[in-house]
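Using the sequences and the accompanying hints, generate a full structural model.
Residue numbers (the UniProt record's numbering), protein chains in the order written: chain L, 1 to 156; chain Z, 1 to 156.
Possibly wrong hints are sitting among the right ones.
Said to hold, decoys possible - For the chain L half of the interface with chain Z, some residues (derived, Cβ under 7 Å), not all of them:
(1) Gly-12
(2) Leu-14
(3) Ile-17
(4) Ile-18
(5) Arg-22
(6) Leu-60
(7) Cys-82
(8) Asp-86
(9) Tyr-107
(10) Asp-116
(11) Leu-134
(12) Ile-138
(13) Ser-142
(14) Ser-145
Unchecked claim - BS3-like cross-link-like pairs, simulated, lysine-lysine; straight-line CA separation at most 27 Å:
(15) Lys-48(L) to Lys-74(L)
(16) Lys-7(L) to Lys-7(Z)
(17) Lys-121(Z) to Lys-130(L)
It is worth saying that the hints were derived from the structure and are not from the lab. No residue lacks a Cβ here, since even glycine has one placed at the ideal position from N, Cα and C.
There are 2 protein chains.
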Amino acid sequence: MQDILNKDIPLGGLFSIIYRSRNIYLNNSMNTTGLSQGQVFALITLSKENNITQDRIAELFYLDKGTVARAVRKLEDSGYICRTQDPDNRRAHRLSLTEKGEKILPYIKEIANKWDKDVCKGFSPEDLDKFNSLLRTICERSLLSAMEVPGYGDRL
Amino acid sequence: MQDILNKDIPLGGLFSIIYRSRNIYLNNSMNTTGLSQGQVFALITLSKENNITQDRIAELFYLDKGTVARAVRKLEDSGYICRTQDPDNRRAHRLSLTEKGEKILPYIKEIANKWDKDVCKGFSPEDLDKFNSLLRTICERSLLSAMEVPGYGDRL
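Next up, the structure:
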């Protein structure tokens with residue numbers, strides 16, 4: 001492995017670089033679909049829980065409503081999802097994958113999974129388990145710290 | 001630890017959540033300084049290598065020139081850094097911390113280091129070493145994948 005990283009980049013800096021470079025990779029890989037990484041989370045969620053609200057997607061990914069609304073609008077405009085009025089709440093909508101959405105899904109999942117696999121290639125099963133467990137702990141702690149920030153829900 | 005994360009969020013999704021929640025934490029912690037997380041990397045770099053160009057900062061953090069230019073402008077407007085014309089290249093500028101920048105630096109570093117320490121609290125030294133080593137490998141591989149994308153330098 002080529003040593004391309006400055007040795008004293010702190011932990012948080014590594015997370016920033018991973019986040020930004022993953023987005024570049026995903027956006028490029030999806031460029032024939034008209035979608036970008038900003039819509040992946042919504043598409044994958046709808047493949048698991050169909051007929052849900054925007055608020056439910058926000059809740060699952062700790063995203064603010066504006067970010068989810070933008071992703072949903074893009075997916076709807078591109079014909080990948082459709083919305084129907086919630087029968088229990090006239091102000092809310094339920095979201096579902098369209099046929100086009102169902103069709104693109106395996107391709108999108110493959111791209112996201114490929115990144116996960118490629119960056120961990122050659123890790124032993126023990127290392128991978130340990131890494132995932134520590135990363136989840138870091139993620140939970142980071143979320144909890146963010147949740148203590150006043151106005152948290154509006155910022156994420 | 002409260003189990004707040006959806007169990008099937010993939011690796012890439014965890015990195016997204018960590019990145020976003022860390023930014024919320026940093027921005028809130030720095031809100032008395034007039035700075036945000038988007039300027040931290042430049043400020044810390046200038047504390048290590050004074051009198052450098054914007055391009056050098058972009059290079060160290062794999063950032064595009066626009067992102068670095070915005071961060072530098074904000075730091076300059078807030079009086080934390082100053083620029084002087086590069087004697088070797090009339091079109092470039094060299095950047096340095098001002099007295100105000102030097103003064104705020106320990107506080108900014110403390111905030112960034114505190115996040116790093118807090119999220120890894122209680123990890124054994126072996127676990128921490130292993131985690132850091134695997135994270136750097138993932139970061140390097142992710143960067144290399146992004147670098148293969150056409151027009152990479154304009155997007156990061």
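Checked hints:
{"no.": "1", "hint": "Gly-12", "verdict": "holds (6 Å)"}
{"no.": "2", "hint": "Leu-14", "verdict": "holds (5 Å)"}
{"no.": "3", "hint": "Ile-17", "verdict": "holds (5 Å)"}
{"no.": "4", "hint": "Ile-18", "verdict": "holds (5 Å)"}
{"no.": "5", "hint": "Arg-22", "verdict": "holds (6 Å)"}
{"no.": "6", "hint": "Leu-60", "verdict": "holds (5 Å)"}
{"no.": "7", "hint": "Cys-82", "verdict": "violated (24 Å)"}
{"no.": "8", "hint": "Asp-86", "verdict": "violated (22 Å)"}
{"no.": "9", "hint": "Tyr-107", "verdict": "violated (16 Å)"}
{"no.": "10", "hint": "Asp-116", "verdict": "holds (4 Å)"}
{"no.": "11", "hint": "Leu-134", "verdict": "holds (5 Å)"}
{"no.": "12", "hint": "Ile-138", "verdict": "holds (4 Å)"}
{"no.": "13", "hint": "Ser-142", "verdict": "holds (4 Å)"}
{"no.": "14", "hint": "Ser-145", "verdict": "holds (5 Å)"}
{"no.": "15", "hint": "Lys-48(L) to Lys-74(L)", "verdict": "holds (19 Å)"}
{"no.": "16", "hint": "Lys-7(L) to Lys-7(Z)", "verdict": "violated (33 Å)"}
{"no.": "17", "hint": "Lys-121(Z) to Lys-130(L)", "verdict": "holds (16 Å)"}
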